[in-house]
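Same order as they appear, the protein sequences are chains A and B.
Our numbering numbers the first residue of the first sequence as 5 and each following residue consecutively.
Our numbering numbers the first residue of the second sequence as 5 and each following residue consecutively.
It cannot be assumed that every hint is accurate.
The list treats identical chains as interchangeable, and a pair is accepted whether it falls inside one copy or across any two copies.
To be verified - Think about it this way: if two alpha-carbon atoms lie no more than 20 angstroms apart in a straight line, the pair counts; the simulated SDA-like pairs of lysine to any residue are:
1. Lys24 <-> Ser62
2. Lys342 <-> Leu298
3. Lys50 <-> Ile20
4. Lys274 <-> Glu53
Quick caveat, the hints were computed from the structure, so don't treat them as lab data.
The model shown is predicted, which means the values in this text are computed figures rather than measured ones.
Below are the chains, spelled out letter by letter.
Number of protein chains: 2
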Amino acid sequence: MGRLVMKFGGTSVANIERIKNVALHVKREVDAGHDVAVVVSAMSGKTNELVAWATETSPLHDAREYDAIVASGEQVTSGLLAIALQTLGIQARSWQGWQIPIHTSEAHASARITGVDGEEIIKRFKERKEVAVIAGFQGIHKTTGRITTLGRGGSDTSAVAIAAAIHADRCDIYTDVDGVYTTDPRVVPKAKRLAKVAFEEMLEMASLGAKVLQVRSVELGMVHNVPVFVRSSFDKPEDIDPRGTPPGTLICSEEEIMESQVVTGIAFSKDEAQISIRNIQDKPGVAAAIFGPLADASINVDMIVQNVSEDGTTDLTFTVPASEFPRARETIVKAQSKIGYAKLDTATDVAKVSVIGIGMRSHAGVAAQAFAALAERNINIRAITTSEIKFSLLIDAAYTELAVRTLHTLYGLDQA
Amino acid sequence: MGRLVMKFGGTSVANIERIKNVALHVKREVDAGHDVAVVVSAMSGKTNELVAWATETSPLHDAREYDAIVASGEQVTSGLLAIALQTLGIQARSWQGWQIPIHTSEAHASARITGVDGEEIIKRFKERKEVAVIAGFQGIHKTTGRITTLGRGGSDTSAVAIAAAIHADRCDIYTDVDGVYTTDPRVVPKAKRLAKVAFEEMLEMASLGAKVLQVRSVELGMVHNVPVFVRSSFDKPEDIDPRGTPPGTLICSEEEIMESQVVTGIAFSKDEAQISIRNIQDKPGVAAAIFGPLADASINVDMIVQNVSEDGTTDLTFTVPASEFPRARETIVKAQSKIGYAKLDTATDVAKVSVIGIGMRSHAGVAAQAFAALAERNINIRAITTSEIKFSLLIDAAYTELAVRTLHTLYGLDQA
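Same shape as in the complex, but just chain A:
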């Protein structure tokens, strides 16, 4: 007997048949004695349709109206799932963001949750075992009383925030994949599903493109210590024993991972472009002169590498998504006199490979092993950045798969 949040994405509720299937998943947990809050996305395709209408009406539309429009998608699925649950004899009701309420900031279309009132939901758990079916992705701004949305993928964040508010034992995210893998199985067939991964590691993986969970939801899970379980929505409800351990990955605090591995996963991203600025003055304000204009142009800078200068001038390298490379290059060229650099070297056929693991903290020489293994394969490393639990290498894109496979084997991830 525990308290559970179950989150289902757009493909899981794409039509009535699938919504009925979701209801069976929920029934399984209710029958096992759990108190359940369900968080649903809009039917897949619906949000795109609504966004297209808003854009057709005006490409530059009021974000407050955009939110009122797109939040309707989750409203529909929450009502439909409540009906499907009632049909199975389960006490259930739908909740819109403003009804709970889920308070957010006023940043329409990309609001952040500031507080969730879980009292009424808990009361109904206790009084009548009522399942709460909650429209994900949305909230309300307290002062204006207007509907807000959390941005794409926001339902994951809704789910974890609700789990925190109702003191859930676990937040189950039902998704297209059955968990988090050591790396992309399409590149490394030997990639293994991780049974557990620490919040910190997941944060590094998610932002690197693991694309399983919205980064913000992992942050929230970490702050409120809500274990988040990523599992497949394709598993048949009747095949799952709620008392057993279903396949999936538990994202939890480091302490709950008994035997933490040195390296947990290898992430990579091929759509990178590199810009190296040569011979800039190593003095205060130079970095600002470079990254200020890029920020003004809303260009996402990823890696930044600057070495200690020897002679008063230095080189600075950074990467941007390949799609933003032309604009980034233009921005830096325009700012040449202000930055005061001699030369620009750029490369677009580059990839970033990252090695992630909490165990790195206490293990010396982890990166050194990688350098040696890659050198053995004749893979040149263009740039290196490191953090406490991750290091990233910029290499020629052509070597991406080889590098990922090499590192996957090197750190013992090929074994179960």
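With the hints as your guide, set chain B onto chain A.
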């Protein structure tokens, strides 16, 4: 300079192009100096789609969830129209039923409006000339905090209720037809559009199938004395002079109709069935024994005719919609011993023709003229009922068009 409510139905907001056209209609009134609240329905087809999903999930679904689902249609159009108005440089924002709030009864799927708070909308009129774009058809129940809907056609009622709450000078209903006619122009090509019609007359016409406005909205207009103007949504915004008198019908209080005609219109309904119960005891409780079981079976009884008895027994005739005839007949047959009747006569090929006019009150012999005119055409009258401003005749369905044309001419409605 006045205060105006403009209501647009589903076909007027069926796609983005039409929503932009609606915005031009609104702009015209704003430019003329009016404070405007707009009430919108869902895009045509959307409500049907949502209802179908609810029904597919479960034919017997929770009306509270049904309401949460279907109310989303108006939410979308309110946001889209607000954007379209902003694009024209007009200050505008969307309002959901719960935001205003529009309080209703708890009768989900067919709730009645109990109160509308117009304060904030008026405040915004005064402070910044902001157009309120209001999702029609919906409200909120105060105690439960849940979304309610008003039933089909409910946006008309929303519009009139809001007009009353913000003390609007007029409520314009933009619809598929350009006003209320003396009768159906498809039957009588000489039918004329009425410039004005009294609330009471409109009530009699609407419930008889004129289908221009939801009955409840006319009741509300009458109670709060809100003039309701029915006009065409197909008129091009640029062709309309906001200072002129646009084509349409004003539904208003009797006092505002200077020269009221004896007869205003001829309504008719062909889908009627007649049930005559012969030789029932003329004693207390008999009518209850007949209509009680019919009410329990949710059968709508329309005309009821009972004559004064001569010998202690009498006949009673009533009509029901043709679609409900089999059930009605069965109900009465089942109750035979309780009612205690000798014989049942039924007819399904019957029609009801009604003559409506406030002037009848003060003019004697209006009905007598009709009886004579129909007799001259050899049209047999099966039953007659009368009220203060209306009388209805039950005739053989085959004569419907002939009877309507005859009466239309008789009461001088063919002339402009």
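Are the CA atoms of Lys50 and Ile20 at most 20 angstroms apart within a copy, between copies, both, or neither? both (14 angstroms within a copy, 16 angstroms between copies)
State whether the alpha carbon distance between Lys274 and Glu53 is at most 20 angstroms within one copy, between copies, both, or neither. So Lys274 and Glu53 fail the 20 angstroms test inside a copy (29 angstroms) and across (42 angstroms) alike.
How would you label the pair Lys24, Ser62 (within, between, both, or neither) given a Cα cut-off of 20 angstroms? between (36 angstroms within a copy, 10 angstroms between copies)
How would you classify Lys342 and Leu298 at a CA-CA limit of 20 angstroms: within, between, both, or neither? Answer is within; shortest intra-copy Cα gap is 13 angstroms, inter-copy 88 angstroms.
Checked against the numbered hints given earlier, this structure breaks only hint 4.
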